[in-house]
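Student: Given the coordinates of chain B, assemble chain Z onto it according to the supplied hints.
Number of protein chains: 2
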Amino acid sequence: MGAQAQRTEEWADVTPDAARRLLTAAVEAFAERGYHATTTRDIAGRAGMSPAALYIHYRTKEELLYRISGVGHRLALGILRQARDGAGTPAERLADAVRRFVRWHAEHHTTARVVQYELGALGEEHYAEIVALRRDTDGAVRDIIEDGVAAGDFDVPDVRGTTLAVLSLCIDVARWFNADGKRSPGEVGELYASLVLRMVGCAQER
Amino acid sequence: MGAQAQRTEEWADVTPDAARRLLTAAVEAFAERGYHATTTRDIAGRAGMSPAALYIHYRTKEELLYRISGVGHRLALGILRQARDGAGTPAERLADAVRRFVRWHAEHHTTARVVQYELGALGEEHYAEIVALRRDTDGAVRDIIEDGVAAGDFDVPDVRGTTLAVLSLCIDVARWFNADGKRSPGEVGELYASLVLRMVGCAQER
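Just so you know, the protein sequences line up as chains B and Z, in that order. Heads up: the first sequence is residues 1 to 206, going by this note's numbering. Heads up: the second sequence is residues 1 to 206, going by this note's numbering.
Simulated from the structure, these hints should not be mistaken for laboratory data. Careful, some of the hints might be misleading.
Below, computed lysine to aspartate or glutamate pairings styled on DMTMM-like, alpha-carbon distance capped at 20 angstroms [as the list claims (entries may be wrong)]:
1) Z:K182 to B:D153
2) B:K182 to Z:D17
3) Z:K182 to B:E32
4) Z:K61 to B:E32
5) B:K182 to Z:D136
6) B:K61 to B:E118
7) Z:K61 to B:D136
8) B:K182 to Z:D138
9) Z:K61 to Z:E9
Fair warning: this is a prediction, and the values are worked out from it, not measured in the lab.
With the rest of the complex left out, here is chain B (with noise of 0.2 angstroms):
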């Protein structure tokens, strides 16, 4: 799936055309120069747009990034959600989360990087709610985690940490991968599936 698919998909919910042409355009921007250095009318030329009609879909530059922010956690949760209610061992289920939450974070860097490092320029009410959503992101991995230290399939002394660590990898993915580089989102995802089944302590792994 080339780059421009894989945007699509990721923003197909976002309508009409222009108000995702303007989200699109906000990523790129925000990614190259930053949310504080970039201007709406940065982001409506990018769209093709002129600021007045940026300002008919979102009023402010922040709304921006908070709808950028809210569908970027979303699918993420969506994801660890899917992968925990799966069929399967809590190390299947554990593998399954770590190898679609790399993928996405892989095939999606750009996207990630804005979500993840701009958080501190959302505004307090926006920020709470995104808040939430990771709160919820975290207790869908440490659920699997849990699961497996209950089945007597994993050995965690520190499930809390454990769990912070595991998705942490996982969402620094984004900050170092290429997609030039030798290794692809998949074959990314299967050796951190393999890493983070050994530092749950994983019985089959041992």
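Tutor: The following block gives chain Z in isolation, referenced to the frame of chain B:
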């Protein structure tokens, strides 16, 4: 050690005092607003100096970023090389490397974020120089892992990929670490050392 003492230690080699003050002001400004949204006037103002006084020490804003990046990368490399060249088994040296590298990223998270997230703003020559330092950093960790594999202490099917994952896990501490949070830099370092020994399939951890 307080934040002020850490900052002093971090930039201790930068002289004269005015040059050091400008660097720490630049780190704070870049971290808050991003490189592209920061002007040399902002940086001089934060340091209590005039823009003209800034230019005595740094010709451009990029030169400030380059100096910050150089100091950060050289400190990180020094930490890992010291651990690599220390006494002890590969497991002890790897645990030592992770503990110290994590502590550095937790204690100096503001500098580390600027160093990691603004790489793309470096000029071509400066970027090449920093990439070489990053390759050496990677090499120091890979050396320890290879020692462990050669000694039969570690079981690592993919040494390059695992090295990348170990470094990534430690570096991302700078993103999420909160000085007011529940875990101290030392506690995160300790947890991560044990997780990394599991990632390399260390015999004692199996």
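Student: All the hints need checking, so say for each whether the structure fits it.
Tutor: Outcome of the hint check:
A threshold of 20 angstroms between alpha carbons decides the hint, and for Z:K182 with B:D153 the separation of about 28 angstroms lies outside it, so the pair is violated. Taking the CA atoms of B:K182 and Z:D17, the gap is about 44 angstroms. The hint is violated against a cut of 20 angstroms. A hinted pair counts as satisfied when its Cα atoms are at most 20 angstroms apart, and Z:K182 with B:E32 does not qualify at roughly 34 angstroms. Annotation: proposed proximity of Z:K61 to B:E32 holds, straight-line Cα distance about 17 angstroms (limit 20 angstroms).
The straight-line distance between the Cα atoms of B:K182 and Z:D136 is roughly 19 angstroms, inside the 20 angstroms bound, and the hint therefore holds. This hinted pair checks out: B:K61 and B:E118 have alpha carbons roughly 12 angstroms apart, not beyond 20 angstroms. Of the pairs offered as hints, the one joining Z:K61 and B:D136 is violated, with about 40 angstroms between alpha carbons and a cut-off of 20 angstroms exceeded. Of the supplied pair hints, the one linking B:K182 and Z:D138 holds, its CA atoms being roughly 16 angstroms apart against a limit of 20 angstroms.
Taking the CA atoms of Z:K61 and Z:E9, the gap is about 23 angstroms. The hint is violated against a cut of 20 angstroms.
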